[in-house]
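**Q** First to last, the protein sequences are chains A and B. The first sequence maps to residues 6 to 274 in my numbering. The second sequence maps to residues 302 to 364 in my numbering.
Treat the hints with caution; some may be incorrect.
[What the hints assert, rightly or not] Incomplete in silico selection of chain A near chain B, CB under 7 Å:
#	residue
1	His-7
2	Arg-36
3	Ile-39
4	Arg-97
It is worth saying that the hints were derived from the structure and are not from the lab. Every value quoted in this text rests on a predicted model; they were computed, and no experiment measured them. For glycine and all other residues, C-beta sits at the position ideal for the given N, C-alpha and C.
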Amino acid sequence: MHNLYFELTQELNAEGVIAVLASGQAVVYYRLSIMSKDGDWILQETPEACRRALAVLERHGARYRPSPPLDVRWLRGGWSSHFEFADPEGRRIRCDFVTRPPRLSPEDLSKLFVPEREMGEALKVVDIEPLIRMKQTQRAKDYPVIGELARLLPPEQEIELTTDPDRIIALASDYGQGSRRSPVRAVLAGSSREAVVVELARESDRLQQQDRARLEAYRVAAEPYLREFQAANLGLLPLPEAHRHACELAERWLPRNLLIPEDGNGAAQ
Amino acid sequence: MELLSEDDLNLKDMTPEELDKAWDLWFDLAQTTNDSDPPYTHGVLVLCDVPPPGKNPDERDDT
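For reference, chain B alone in the conformation it holds in the complex (with noise of 0.2 Å):
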């Protein structure tokens, strides 16, 4: 019996409809951790630690 974790999922032999069904599936556990992601993502930009509306930025709190 072949014990794989998530990250060795055969993806390459599925079907494509298989291929669908555990990205679904993926997709809905991940919905869990929407809160927690972290605001950058991969190679583009995505901003963070936006200060607040109308602070001034030498205001900011970094602490």
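Only chain A is shown next, with the shape it has when bound in the complex (with noise of 0.2 Å):
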């Protein structure tokens, strides 16, 4: 049988491209790890792309999980809406869909709907770089991963973006001379690996307290609804009509917008 992640992926660009697949499934595609059981989606800020993609959900018989409505009112304010349902062989399939993933900027997602991006590509995939943006969560296990997925970078996109020492001490010399990152700055000033290896630790350290302070702004603020959500039973109903409570609920109990300012790159939650 196939991916089915990569057969949604397919099924959600049937009538145009309006959901790229991210996170897990994206470092399948690129070969690298077969390390996560659930489908992540950056979907088009549209109600088009929404009611597609509820549509497709809807014909695998898929319901909500506790999370915000597939709305654009809510989605661009950085929530994310999740989905379950079971393949034909009885596995579970859950379906995660976002139009403002943490950490990338308005730049980056204005890349992934262009009109040329839709031609040729058999599978709509995030970029590699974007990947790593978006992998710079608050687990551990996925530091290593985005240091398979910076080698596949030219290196002077790696040496900003990698998180194994060694390939940091073997480019800093050729492409790292205007790095700001500290670990560069570390073999370029000298310092022993040690040092290089501490400055890596730190850096993540840093991201993951980030992401977490992000999470847990989220969760706070999504708590009223989804008590609500909850007590409705949402996640009984047929997906029309659990996406019309839904909205409801948002409407009264979900802040649309808790973007917050953070360090780094572009827009980020």
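Assembly of the complex is requested from the two constituent chains, each provided in isolation within its own frame, with the hints serving as guidance.
**A** Written out as structure tokens, the structure reads:
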């Protein structure tokens, strides 16, 4: 059987590109690791894209998981929507959608759905550099993957994103002169390998803490809405009905815009 | 003889069909941990620890 998440990507884009596969399944696509049971997509931020995605999900018998509605009014505030269904073999399929993924700039996002990109590619998958930025999460296990993903980039980009101290040491003299990364500066200053490793660890920890703070703000803001969502058992309702109710609840209980400033790249959440 | 762990599968040299099979087998096996999966997945928000319906947040038992 094919990877169902790849097939879903094709299905979502059957009438024109609205969804780009990201995160764990993108890592599978780039043949680095099989590490995710869920599918994550960056959705085009339009009502039409939401409508089409909901139609695809409904065809598969999906139900809402406790999460904000798949509606641009909340998606543009950095919220994400989550769904679940069983595949023909009874396996759990989880589908997550976001239109404003963390740490991606408006420029990154604007490149995803340009007409030129729609031509020629069999499967719509997020590019490696934005994928790396999405992977800069609070989870330690994402950072070795970032090192592997970075190896697929040209060296001048790799040195700005890799988490591998040996690659930084190898690339610094040729490609790191203009870099502001502290691990790269450490190499160029003649510091020990241990010092480079320490700088990398500090950098990863800072990224993890930023992501944790971002998600905590969303968690707190979502609590009243989620309580109502659970009380109404929306996860048990057919998708169109659940979606309608979720929008009604969100209007009352979920703030639309929670985008908070973040250091680093672009208009992240 | 090459001894490879699951994490060292040479995905790059697989044909598309082999990659599909490898993923399919892994996905089958991974179903066994569905009930114990952490509620947080990757960089988007999967909310967890939702209070029971009808319970006031001030009455939550966080122990």
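**Q** Each of the hints needs a verdict: does it hold here or not?
**A** Tested hints:
{"no.": "1", "hint": "His-7", "in the structure": "holds (5 Å)"}
{"no.": "2", "hint": "Arg-36", "in the structure": "holds (4 Å)"}
{"no.": "3", "hint": "Ile-39", "in the structure": "holds (5 Å)"}
{"no.": "4", "hint": "Arg-97", "in the structure": "holds (5 Å)"}
Figure legend: structure checked against the earlier numbered hints; every hint is met.
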